[in-house]
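As a plain string of letters, each chain reads:
2 protein chains.
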Amino acid sequence: MDLKEQLVGLKSEIDSELDKQLRYDNDFPPRIREALRYSVLNGGKRLRPILAITAGEMYGVEKSKLIPVAVALEYIQSFTLVHDDLPCMDDALLRRGKPALHREFNEALATLAGDAYLNMAYGVIAREGVKRFSAESVLRVIDELSDALGVDGVLGGQVLDLDPSRNASDLEGITRLHQMKTASFFCASLRMGAILAKAPDNELEKLTSYAMEFGLAFQITDDILDETSTVEELGKDVGHDAEIKRANYVSAYTLKGARTQAQQAVDRAKDALIGLPKTDFLKKLADYLIERRK
Amino acid sequence: MDLKEQLVGLKSEIDSELDKQLRYDNDFPPRIREALRYSVLNGGKRLRPILAITAGEMYGVEKSKLIPVAVALEYIQSFTLVHDDLPCMDDALLRRGKPALHREFNEALATLAGDAYLNMAYGVIAREGVKRFSAESVLRVIDELSDALGVDGVLGGQVLDLDPSRNASDLEGITRLHQMKTASFFCASLRMGAILAKAPDNELEKLTSYAMEFGLAFQITDDILDETSTVEELGKDVGHDAEIKRANYVSAYTLKGARTQAQQAVDRAKDALIGLPKTDFLKKLADYLIERRK
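As you go down the protein sequences, you meet chains A and B in turn.
Just so we're aligned: the first sequence equals residues 1 to 294 in the working numbering.
Just so we're aligned: the second sequence equals residues 1 to 294 in the working numbering.
If you are wondering where the hints come from, they were derived from the structure by calculation, not from laboratory data.
Note that this is a predicted model, so its numbers are computed, not measured.
By construction, the Cβ of each residue, glycine as well, lies at the ideal position given by its N, Cα and C atoms.
Careful, some of the hints might be misleading.
As the list claims (entries may be wrong) - Take a look, some chain B residues computed to stay more than 12 angstroms from chain A by CB distance:
#1 5
#2 20
#3 64
#4 65
#5 122
#6 140
#7 166
#8 205
#9 227
#10 243
#11 260
#12 264
#13 279
#14 281
#15 283
#16 293
What the hints assert, rightly or not - BS3-like, lysine-lysine: derived pairs with alpha carbons at most 30 angstroms apart:
#17 A/206 x B/131
#18 B/206 x B/283
#19 A/198 x B/65
#20 A/131 x B/131
#21 B/206 x A/131
#22 B/198 x A/65
#23 A/4 x A/98
#24 A/131 x B/65
#25 A/65 x B/131
#26 B/131 x A/198
#27 B/98 x B/278
#28 A/63 x A/20
#29 B/131 x B/63
#30 A/63 x A/278
#31 A/270 x A/11
#32 B/198 x A/198
#33 A/4 x A/206
#34 B/65 x B/4
#35 A/278 x A/11
#36 B/278 x B/65
#37 A/283 x A/65
#38 A/4 x A/284
#39 A/131 x B/256
The shape of chain A in the complex, shown without the other chains:
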């Protein structure tokens, strides 16, 4: 089975767990449950749960055991997208080919839905995790995830991203931004699966290096697509960084330079896996990253 078929299969299993967890009988309080389905059941590659599941499988934990916990990563991903899209942040019109949540519903509901995603993610990990894994390992995952999302990670990265004093050609600054805003969450996702599966600490280190490079390559590719792709292809606003003169990999390195940077990060990601078990899928996934069209 080639990588694309594998990804489609995994996505479909993840989507059906999300659908199950978010089903409801009663639209009360009005529209919030609908809003929660709207954003998360709306396409998406599901890369973060896929990373968690893959790491778990490398250390002998079955996919079906990880899926109910790993979908929490998609709630978190939706939390970041919905809040980043708000008028006071990126003021985005489109997300995954549909109106951003605050445009389809309203700003208050979008703020609250984002909050609800983040909040329910921790509940799901605690509740579904304790049924399937050691309580200590579940707590470690929660602790690490909270770190990865906090002011030294994703949320701090968004603060930096919005900082008007940021210098468009500060390469070190842009790399740090991507590490905080994007790579740290990929890292926590891959580590989630490995920690629950009790991977040894030295192997966790290698997975961490892989995920940091993977995340960097992912974000560089995002910057490239923001420059080279269309709204129709991506399903979200494009050219926004250039429009507001916001620094990104393309502004810092040119398009060609950014492509080289992405390829180098992918090479480093694959090198980091040397000595680990069953790494085929992770290697192919890293290659796929920089070829993707959306």
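Following the hints, position chain B against chain A.
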């Protein structure tokens, strides 16, 4: 020692733990750490951690063991205040006598600071909890807290509160709103301490009844103060509910009726404690609730 002295002492210990956890050397990313200190180290009665600590002490756990975990409840409280104050929600000017966070900083930073509070709360509970309590009990606390804050609790209550179709004289609806938005969080706070201290399930039930009534009395008193107090006394915007004709206990029951309702809720709260150990503090706290001036 009378209740007020006890409350002052507890508040000071809680504040010093918050100060310790939020200390920083480096203002990076710019202003977010400052924003996090601004809202949470800014007065506040600290009722939720006090409830957690009190329940823990009832079942033999020392205060000092609970404080590092219980401060997470103040992060959550700040999360709800900061997001509720946003322009798209209550558009508040003042909070605890100072400009609301989005006015002192900006809206994006206020949204992200609220997110960071919620996120770090779960991290603190996991990290500090596992050092002091059984991992299973810490996970149960996280699970319950997530439920209490979610669409069936605090966040859902805020959705209802903003719902323009809400009927100002629908008594059942207003009580349900208060239970979701306010009481469920008091309830989760008291249960946090009791669960970590391994209180028996039937006693947990009684504490739950107490906290639900306590929360209701608290919110009715808030509604009364919103009507009868001044900006200077409360340190936050007043009269907002009346101004936008939003339903609350005073609009539904009149001032006198609301006072009776609050007293009845306090009486039911105290009755719920019959048969539990060391309930003096909780009883006094319930009485204090409806006498408070802010």
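Outcome of the hint check:
1. 5: holds (35 angstroms)
2. 20: holds (16 angstroms)
3. 64: Residue 64 of chain B is indeed farther than 12 angstroms from all Cβ atoms of chain A, at 21 angstroms.
4. 65: Its Cβ never comes within 12 angstroms of chain A, the nearest being 17 angstroms, so this holds.
5. 122: violated (4 angstroms)
6. 140: violated (8 angstroms)
7. 166: violated (10 angstroms)
8. 205: holds (20 angstroms)
9. 227: holds (24 angstroms)
10. 243: holds (18 angstroms)
11. 260: holds (28 angstroms)
12. 264: holds (26 angstroms)
13. 279: holds (29 angstroms)
14. 281: Answer for residue 281 of chain B: holds, closest chain A Cβ roughly 29 angstroms.
15. 283: About 32 angstroms separates residue 283 of chain B from the closest Cβ of chain A, which puts it past 12 angstroms; holds.
16. 293: At roughly 30 angstroms from the nearest Cβ of chain A, residue 293 of chain B sits farther out than 12 angstroms, so the non-interface label holds.
17. A/206 x B/131: Cα-Cα ~27 angstroms, so holds.
18. B/206 x B/283: holds (13 angstroms)
19. A/198 x B/65: Holds: residue 198 of chain A and residue 65 of chain B sit about 29 angstroms apart, inside 30 angstroms.
20. A/131 x B/131: holds (21 angstroms)
21. B/206 x A/131: holds (27 angstroms)
22. B/198 x A/65: This hinted pair holds, its Cα atoms lying about 29 angstroms apart.
23. A/4 x A/98: holds (24 angstroms)
24. A/131 x B/65: Holds: residue 131 of chain A and residue 65 of chain B sit about 27 angstroms apart, inside 30 angstroms.
25. A/65 x B/131: Given that 30 angstroms is the threshold and the Cα spacing comes to 27 angstroms, the pair holds.
26. B/131 x A/198: Given that 30 angstroms is the threshold and the Cα spacing comes to 20 angstroms, the pair holds.
27. B/98 x B/278: violated (38 angstroms)
28. A/63 x A/20: Holds, at about 17 angstroms.
29. B/131 x B/63: holds (15 angstroms)
30. A/63 x A/278: holds (14 angstroms)
31. A/270 x A/11: Within the cut-off at roughly 23 angstroms; holds.
32. B/198 x A/198: Distance ~28 angstroms between residue 198 of chain B and residue 198 of chain A Cα, so the pair holds.
33. A/4 x A/206: holds (25 angstroms)
34. B/65 x B/4: At roughly 23 angstroms apart (the allowed maximum being 30 angstroms), residue 4 of chain B and residue 65 of chain B satisfy the hint.
35. A/278 x A/11: Roughly 20 angstroms separates the two Cα atoms, so the pair holds.
36. B/278 x B/65: Roughly 19 angstroms between the alpha carbons, so the hint for residue 278 of chain B and residue 65 of chain B holds.
37. A/283 x A/65: holds (23 angstroms)
38. A/4 x A/284: Roughly 10 angstroms between the alpha carbons, so the hint for residue 4 of chain A and residue 284 of chain A holds.
39. A/131 x B/256: It is violated: about 50 angstroms lies between the C-alpha atoms, which goes past 30 angstroms.
In the structure shown, a violation is registered for the earlier hints numbered 5, 6, 7, 27, 39, in ascending order.
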